[in-house]
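Protein chains in written order, with the numbering used here: chain D, 1 to 383; chain S, 1001 to 1432; chain F, 2001 to 2533; chain W, 3001 to 3274.
A hint or two may mislead.
[Stated by the list, open to error] Pair by pair, the computed Cβ-Cβ distance ranges are:
(1) F:ALA2499 - S:ALA1193: 18 to 24 angstroms
(2) F:PHE2515 - D:LEU351: 35 to 41 angstroms
(3) D:LEU38 - S:VAL1418: 48 to 54 angstroms
(4) W:SER3218 - D:ALA253: 24 to 30 angstroms
(5) W:GLY3043 - S:GLY1247: 50 to 56 angstroms
(6) F:ALA2499 - S:ASP1395: 30 to 36 angstroms
(7) W:SER3087 - D:GLU189: 52 to 58 angstroms
(8) S:GLY1352 - F:ASP2172: 38 to 44 angstroms
(9) F:LEU2348 - S:ASP1287: 38 to 44 angstroms
(10) D:GLY27 - W:GLY3203: 45 to 51 angstroms
It should be emphasised that the hints constitute simulated quantities derived from the structure, not laboratory data.
Quick caveat: nothing in here was measured; it's all calculated off a predicted structure.
From the three backbone atoms N, C-alpha and C, an ideal C-beta is built for every residue, glycine too.
Now for the letters of each chain:
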Amino acid sequence: MVASTLNTSKPWLLRPFNERSTQLFLGILFGAVALVTLLHLVFPEGHALHVSAYTVTLLGKYLCYALLAVAVDLVWGFLGILSLGHGAFFALGGYAMGMYLMRQIGDRGVYGDPVLPDFMVFLNWQELPWFWHGFDMAWFAFAMVLLAPGLLALVFGFLAFRSRVTGVYLSIITQALTFALMLAFFRNEMGFGGNNGLTDFKDILGFDLRSDATRLGLFIATGIALAIGYVICRGIVLSKLGRVSVACRDAEARTRFIGYRVDRVQLFVFVVSAMLAGVAGALYVPQVGIINPSEFSPLFSIEVVVWVALGGRATLYGAVIGALLVNYAKTVFTGVMPDAWLFALGGLFVLVTVLLPKGIAGLLQRRKKAEDSDNVAGQEVTA
Amino acid sequence: MTIKKHVTLGLSALALSISMQSMAAEDPIKVGILHSLSGTMAISESTLKDTMLMLIEKQNEAGGVLGRQLEPVVVDPASNWPLFAEKARELLEKEDVDVIFGNWTSVSRKSVLPVVEELNGLLFYPVQYEGEESSENVFYTGAAPNQQAIPAVDYLMNQIGVERWVLAGTDYVYPRTTNKILETYLKDHGVAADDIMINYTPFGHSNWQSIVADIKQFGSEGKKTAVVSTINGDANVPFYRELGNQGIEASDIPVVAFSVGEQELSGIDTGPLVGHLAAWNYFMSVDADANYDFIDAWVDYSGNEEAVTNDPMEAHYIGFNMWVEAVRKAGTPEVDAVKDAIIGVSVPNLTGGYATMMPNHHITKPVLIGEIQDNGQFSVVWETPSTVAGDAWSDFLPGSKDLISDWRKPLACGNYNVVSRSCGGAAEVAAE
Amino acid sequence: MSISRSLTSLLLLCLLVLAPMAQAQSTDSEATALLQALADSSYAQKKDVIAEIAGSGDERARGWLEAFANGKLSRIEDSGQFVIVLSNRGRNWTVADALSGESLGEVSRRDLDSIRINNALRNELDGILSVIDLTVANPDTRLAAARDLRGEVDAPLAERIDGLLQTEDNSDVRAALTKALAIYQVEQGDVAAVAILDGSLNARARVALNGAAQSDDPELAAAAAQALKNIETKLKINSAAETLYFGLSLGSVLVLAAIGLAITFGVMGVINMAHGELIMLGAYTTWGMQQLLPGQPGLALILSIPAGFLVAALAGIAIERSVIQHLKGRPLETLLATFGVSLILQQLVRTVISPLNRTVITPEWMSGSLMVNEALSLTLNRLYVIGFALVVFAGLMLIMRKTRLGLEVRAVTQNRAMARSMGIKATRVDILTFGLGSGVAGLAGVALSQITNVGPNLGQSYIIDSFMVVVFGGVGNLWGTLVAGLSLGTINQVLEPWAGAVLAKIVVLVFIILFIQKRPRGLFPQKGRAAEG
Amino acid sequence: MSIFQELTNRDRVFEFLTPAASPVDVRHGPILYLEDVNVSFDGFKAINNLNLTIDDGELRCIIGPNGAGKTTMMDIITGKTRPDTGSVWFGSRHNLLTMNEPDIATLGIGRKFQKPTVFEALTVFENLELAMATDKRILPTLTARLTGEHRDRIEEVLHLIGLAELRYREAGILSHGQKQWLEIGMLLMQKPRLLLVDEPVAGMTEQEMERTAELLTSLAGKQSVVVVEHDMGFVRSIARKVTVLHQGSVLAEGTMDQVSNDPKVIEVYLGEGA
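Please build the complete structure, drawing on both the sequences and the hints.
Printed below as a string of structure tokens:
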């Protein structure tokens, strides 16, 4: 927070770059991405240092989750809105991308129908439902990746915040939202492939999804997306609006009495966060190769919240740590101790919440505080 | 501190990749087992994992294959569909297994499919499914619709004289497809549209009151009525309970289920269900020595007198033996060799007959109709005179009636269109 | 159908002939011959053989037929000896000789050939047995038999019924028989009989009348049409009542699942994601009880009410002590921690007990349904659940309103610090409250074990609904939970017939979302401190 | 840019003392006007036919026993609570009953709560920054930059409320009195036409009280100030006109001496005291 007074004369989006934690974050993120890329390209298959396409995709998936976690942390950490339905936005973004990829299959589907996706053919749909039109064009689909979640968030948020639904009530109706969507997408009449969802993708923007090069590309793209998303969130947090958000979080009424439209603030941040979640979903789908309604499952959304809490709320980088850590743990446990991994995961959640109320990032807090007060001192001299 | 964290992350990623390389074991033949051990599907899949472990153990006691031991590699995709794809990739790339036995739900198979094809692996899929698929790398040891649904309907039509039909299913692709096929099939056999009632419910649906009431109503019109149930796993217990409580007995409105086997019944109080039907390719009660031996082995392995066997277990039994045969035939576990060798291989099934791997990667199976008994077993009331070959592409769906699958050279095509004489579905037709 | 009918009647005739002369039982050789025939013939032939056996007048015949009907009649492969299976569990079955009836102890399944039967034959047998039953002493059996005859009557049987009506003294049986006869007569175009069927809700009667309404005899058609109209109106009322009942029973399930949460969540502000698993524990307790008391499912069920409460309550207290007490005033953190707990509990059940569902037997007195009339019958298990839900609710109300604990709980809820300063041990209250809430969850589990699966996923399928109900009703308000549960249940059931199960659920969820917009604090907003996020 | 910034461009000492250029129209008469206002919370009448008029530039003290409806009255004026009946006018143009809290605040009515509420997670500096009268719509807030002028104004107030040393400390660590001051500071940053001050000196030392008194009196004239206070000493020290509320309606009005000798008032207070 305090550091924010340093550079408030800069445009909001540039401020994060003067901030030590952001510099560090970006540095390490790009460093890691570059390293993986290098190890993947330079060393041949089978070489001890070679990073396999499997790992690259895996890391790419983690980064998607990380971006989603950042989005959640923005609304929960800084706005005090605990969304138990962010999976919905993630999934919507994913479906938008999925629909694009389905259209890209063209007549290479098993039935060779030039227009209809396979699942429509064998449930003999006659023609393409209206909402599938346009998704053959990349720009349209990518726009939808942002608009679909954004619009949902806008409508939902407008209703909820206008009528000042707060706290647990808000959390529960976000849960209801994603639950309803899950049921809806399960219905095959909806035309989104029901439980099987969308899968068997062939290529994206003309690149073959199966080639390692495309994989690497997607991984790097995800890294960049995460960086941009992080900077945007950080920018908002450091902007005056960010401080207003915190104000809304801590003393909603007071914020109103000094003249801020709390509901609009909440709506704005909520929509931004939803769009980021959408982007995460869109990058997630081509890398895991399937999108189906289970991403809408309320339990998934809750799990995301757990990542954030685990990494440390209201720090953004904490969210990233949490997401990476939990998912890496999952990958390892499900392989190493298939029968018992849920014990480990569950235990992890319990211990961290009880022992580290501020999450892993909380461990860094004291150190950070010290740094800040130095900055302040230095800054006061210059002021 | 912050630095440390990032570094550790970077390293862990690195460690992951390195470990992958170092673990390419040479000697034993690795068999991947890809069944959910946690999450909603664990209920069905975990026993299949144990079945595989048992089969592998037995095989190793018998000296393994080609003098090499088999090493099972178990992972848990945790009933999470993207995780299935990730785990399949892990098995093939990191563990580089020679074959994978796994999956239960269609969606999990669909999610694994691209991975298996890309990395040219082998997948044996043991569960009855909707068909409409034939992959070069997947072998379908479960029933296709023509090996389960259609014979069952024939039985009801001809033996029981059913005239009105309720097609009740869980709302996902298997019931949808099966019911589409059955609908066409029934209409072709002169059943009027308003003598068919179709109903879909969500997964794990537990409140069946009004639906069962509707069925009761629908069945009280004087014509003999039957329910064809493609209701999935957990939803069945409350469904049958409701049937029982609303006094619908098998003698009034029989229910023939495609997804209810001995294992599901082991979780139900079967008293009220006696006489309801199920169609499978195997029943635990089948009177065949092979079956009794298998049951004994299973009971001993699981150390549970009450342990039951079911159709997907038989499918794994067949699939595993076929694979072993093929490896022997090819003299190597190497995928392409096995793929070619396995076609035409036939091994004994558990119902006293033989199962043969067809060129479309489906197998031949007998179809049995069983009636539920008070001991949670089925008594076989009817079976097809001979085995039925699995049909990858249904003849009753407009989209697929012209498609066939034959992976033998020179055709080597999973979706050959006999009309347009081209591989790749209706490509040419569309182009014209 | 028609074939089987004429068969039945043919058989009846011979019964009539043979019954009087109490005939000495056939020799074992004859009997074996019959059974052999039964074993080896095709389904079609089996029918005749059954008739023969029934006709043989051998008093063992009935035993054979029943065993056959239940698939318990089998033959020992090598000896060819016919046996009746007494217990058919496991790999070795206990059997008794079919002829002599003496027990042969255990025989391996491998050596047994069970004699196949299918539904068609079972119908056949039921028909025969019911006709036989028409003459037995017990009036209830006669009544049941008479009911079974509806729509099955044909010419010869009609005469027989006429005869029976002379001798029958039980009025209910008479009524049933008359109706059965009337259906036949209407089918034959007898106008007078229509009057008897007027207002009858029996399906077969309706079928008969429908047929009559189509007939070209105008008088008959008119009468039948009239009768049908009366029936239709009756049916409408009944189906409305039925829907309401369905709604209430679904609602009561929701209430049961949610009421515990209403306490832990509403009163203590703890967002307990492990609530579902506590329900699951209750259900498993029921299963455990039934394992401990084999053969007495009813007793076990009743005992598992206190047991389930205790188990869940202790588990709850354990959670409270080990986790939640460290998270005072951080409600959202409780969500995260308890989420972890729920994962652990689930996997615990999977590994310790089994990933498979467990069989929980429904005791006699809970299965079947309470027949109000032939179109409306209330399923007993749900009837009990409704009652149980109301009792539990009333009990909680009493505890909250009338007991010291309730008072202290409310005090702590209103103002923790103040309550403390007044000497209330807040921690003790927390433990008790959470224990209570969890215990109630256990009770819900006991009830649910009679309705749905008992398996590791039981909890997950109810946790979300429970939260919806509590929030919809207004956090911290038990009445709210009751009203919310019942109304949501009813809405759902009213929608289901025309929207379908899935859509109905979606509509309900959307409804909740919009409702919360209108009333951000639920149906009955809580005064004072509301559970804030 | 917005009219606010324009004003702030002129560089002044004690710049915050200039009345905000709010569109409120006070040419004919009072700045605040409550007529026959009634509010009841499930049965209990909190405000009962309240009539109150505050003139432009007036400093008004409102006293009254607990539950007299002082805070409720403020809630009504600031749009937090909607009265059942009655009308509330800000100047002769703005009907406050048709507006929500933020609009009323932007219009120029500032409020200080009974229990000091500041944004504890933010620094003192940031608290003032947020309160500062600027364009408070979303995008302007997002892109807002802290100009030198802004900084100066914040510094002025910082010194005035004596928290200059603590400017970069989180408000959460302040003492009760300091929080009171900070909140007053925030009030000043808003540059309202009408200040509603609820128990400003609770938890303050003698000197702090005096400074508060000075401040409030110095504000009066340019801005209208309504002070609700229990501390009679303090009220006497600043009061020109005092209104006594009782059971939701005006019991007496006049100078301190007048009201303190009013038998009804004495009766009420004794009644309360006894």
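Going through the hints against the structure:
1. Separated by about 22 angstroms at the C-beta atoms, ALA2499 of chain F and ALA1193 of chain S satisfy the suggested range of 18 to 24 angstroms.
2. For PHE2515 of chain F paired with LEU351 of chain D, a C-beta distance near 38 angstroms keeps the hint of 35 to 41 angstroms intact.
3. About 51 angstroms separates the C-beta atoms of LEU38 of chain D and VAL1418 of chain S, a value consistent with the hinted range of 48 to 54 angstroms.
4. Taken as a hint, the range 24 to 30 angstroms holds for the pair SER3218 of chain W and ALA253 of chain D, whose Cβ atoms sit roughly 28 angstroms apart.
5. Taking 50 to 56 angstroms as the suggested C-beta distance range, the pair GLY3043 of chain W and GLY1247 of chain S conforms, at roughly 54 angstroms.
6. A hinted range of 30 to 36 angstroms holds for the C-beta pair ALA2499 of chain F and ASP1395 of chain S, which are about 34 angstroms apart.
7. For the pair SER3087 of chain W and GLU189 of chain D, the beta carbons lie near 55 angstroms from each other, so the given range of 52 to 58 angstroms is met.
8. Between GLY1352 of chain S and ASP2172 of chain F the C-beta distance comes to about 52 angstroms, which lies outside the given range of 38 to 44 angstroms.
9. The beta-carbon spacing between LEU2348 of chain F and ASP1287 of chain S, approximately 40 angstroms, falls within the hinted interval of 38 to 44 angstroms.
10. In this structure the hint that GLY27 of chain D and GLY3203 of chain W lie 45 to 51 angstroms apart at CB holds, the actual value being about 47 angstroms.
Hint 8 from the list above is the single one not met by this structure.
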